[in-house]
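**Q** Spelled out, the chains give:
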Amino acid sequence: MNCLKAEKLLLRSLDGRLDGRPRDLLAKHLEACPACRKAEAQYRSMFSLLKADGATAPLPRFWERLEPRLREETELVPLLFWERWSLRAIPVFLALVILIGGFHFFAPQARELSQSATLLIENRDPLSETQALFDADKPDTQTMMLLFASLDEKSPARRPTP
Amino acid sequence: MEEEQLVRLAQEGSPAAFEELVTKYQPKVFSMALSFTRNREAADDLAQEIFLKAYLALPRFHGKSEFGTWLYRISVNHIKDFLRKKGRAKEVSLDDVPEVSFSDREQTEKAQEERETEARRTLVQRFVQSLPEKYRVIVTLRDIQGLAYEDISRILRLSPGTVDSRLHRARRMLRLKLAPYLTAEGGANELSQG
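Line by line, the protein sequences are chains V and C. When we follow our numbering, the leftmost residue of the first sequence carries the number 8, and every step to the right adds one. When we follow our numbering, the leftmost residue of the second sequence carries the number 32, and every step to the right adds one.
Source of the hints: derived by calculation from the structure; they are not laboratory data. Mixed in with the good hints, there may be bad ones.
[As the list claims (entries may be wrong)] Calculated pairs, PhoX-like style, for lysine-lysine (alpha carbon to alpha carbon, straight line, at most 25 Å):
id	chain 1	residue 1	chain 2	residue 2
1	C	K208	V	K15
2	V	K58	V	K45
3	V	K58	C	K141
4	V	K15	C	K55
5	C	K208	V	K12
6	C	K95	V	K58
7	V	K58	C	K55
8	C	K84	C	K55
9	C	K59	V	K45
10	C	K165	V	K58
11	C	K84	V	K45
12	C	K117	C	K59
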């Protein structure tokens, strides 16, 4: 066994995690190796110095000092919660606006039928209403009626063109 | 009252239950913070912050691990953050080693021994603080706090094999640094001659 392997086993042994054949092998190695015996002594010394000093007591009135801080933080929690979620709500809101806008923009819209199309679908003569205009006796009356009819029309395409 | 019950009551908002948990774990949390900071006031502040953090995180504790393990994990992470913010620990030089005069004949032998031990302890702890963070944490948990390998593995979320090898490296590193101050007989060399 070389010294590196022995050191590994030595640390396990000092932790109380070595038994059986490896422990015998280590004991044999330590007997023959002064360097590893020295390392063992150094580790023992180091561990005894490292052990926590139980004499150091915490500062007094720990809970009395902690409790007001807990209360204060607990009161702040809903506020912090809202702050955190309001920040997250902004992108969510924007995404919703884009989504709804996009839906309305791209969704196929029901086309509004023109008056003539409606009359044709209803199997009525689309010229019957305008016929009255052309049947008027006086040209002035005819012009006035045409003017008012054009004002009533919704679609600019249906306005009479000069 | 059982710890599980205390945790459940604390989660439901009982300050008395949380106070009991604080009373139970405060010495350990304080001791751990002290091992890292070597300053009672700083350790006390850290312990307060750790319990505050744990209290706010209680709703997220689902009992997958023991409460103690969960609290230690919070402690270690909080202390690591604190140390990172504070900056890297100073490299230990021989100038940092406290002067111990062994020539003071007027002192009793016992008082002298106590002073020597305290000086050596301070020296060792300074060397621990000079180790890289991952080694410092593992040495503190195992060799200063005396936690079991399994607990360390759970707290640091490391495999037992990694804990074993990391601890081995850390101890070796520390022994080599401390070698001039440790005697072969298991005692310690004199730190300085007065």
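**Q** All the hints need checking, so say for each whether the structure fits it.
**A** Hints, one by one, checked against the model:
1. Pair hint K208(C) plus K15(V) holds up; C-alpha atoms about 18 Å apart against a cutoff of 25 Å.
2. A C-alpha spacing of about 20 Å is found between K58(V) and K45(V), which places the hinted pair at or below 25 Å, so the restraint holds.
3. Between K58(V) and K141(C) the CA atoms are separated by roughly 20 Å; this keeps the pair inside 25 Å, and the hint holds.
4. At roughly 36 Å between alpha-carbon atoms, K15(V) and K55(C) are farther apart than 25 Å, so this suggested pair is violated.
5. Note on K208(C) and K12(V): the hinted pairing holds, with a Cα-Cα distance of about 20 Å set against a maximum of 25 Å.
6. A hinted pair counts as satisfied when its Cα atoms are at most 25 Å apart, and K95(C) with K58(V) does not qualify at roughly 30 Å.
7. Our distance criterion of 25 Å between C-alpha atoms is met by K58(V) and K55(C), whose separation comes to about 21 Å.
8. The suggested pairing of K84(C) with K55(C) holds, with an alpha-carbon distance near 17 Å, which does not exceed 25 Å.
9. About 33 Å separates the Cα atoms of K59(C) and K45(V), which puts this hinted pair outside 25 Å; it is violated.
10. Taking the CA atoms of K165(C) and K58(V), the gap is about 19 Å. The hint holds against a cut of 25 Å.
11. Distance hint between K84(C) and K45(V) is unfulfilled; the C-alpha atoms sit about 45 Å from each other, more than 25 Å.
12. The suggested pairing of K117(C) with K59(C) holds, with an alpha-carbon distance near 22 Å, which does not exceed 25 Å.
In terms of the numbered hints stated before, the structure departs from hints 4, 6, 9, 11, listed from lowest to highest.
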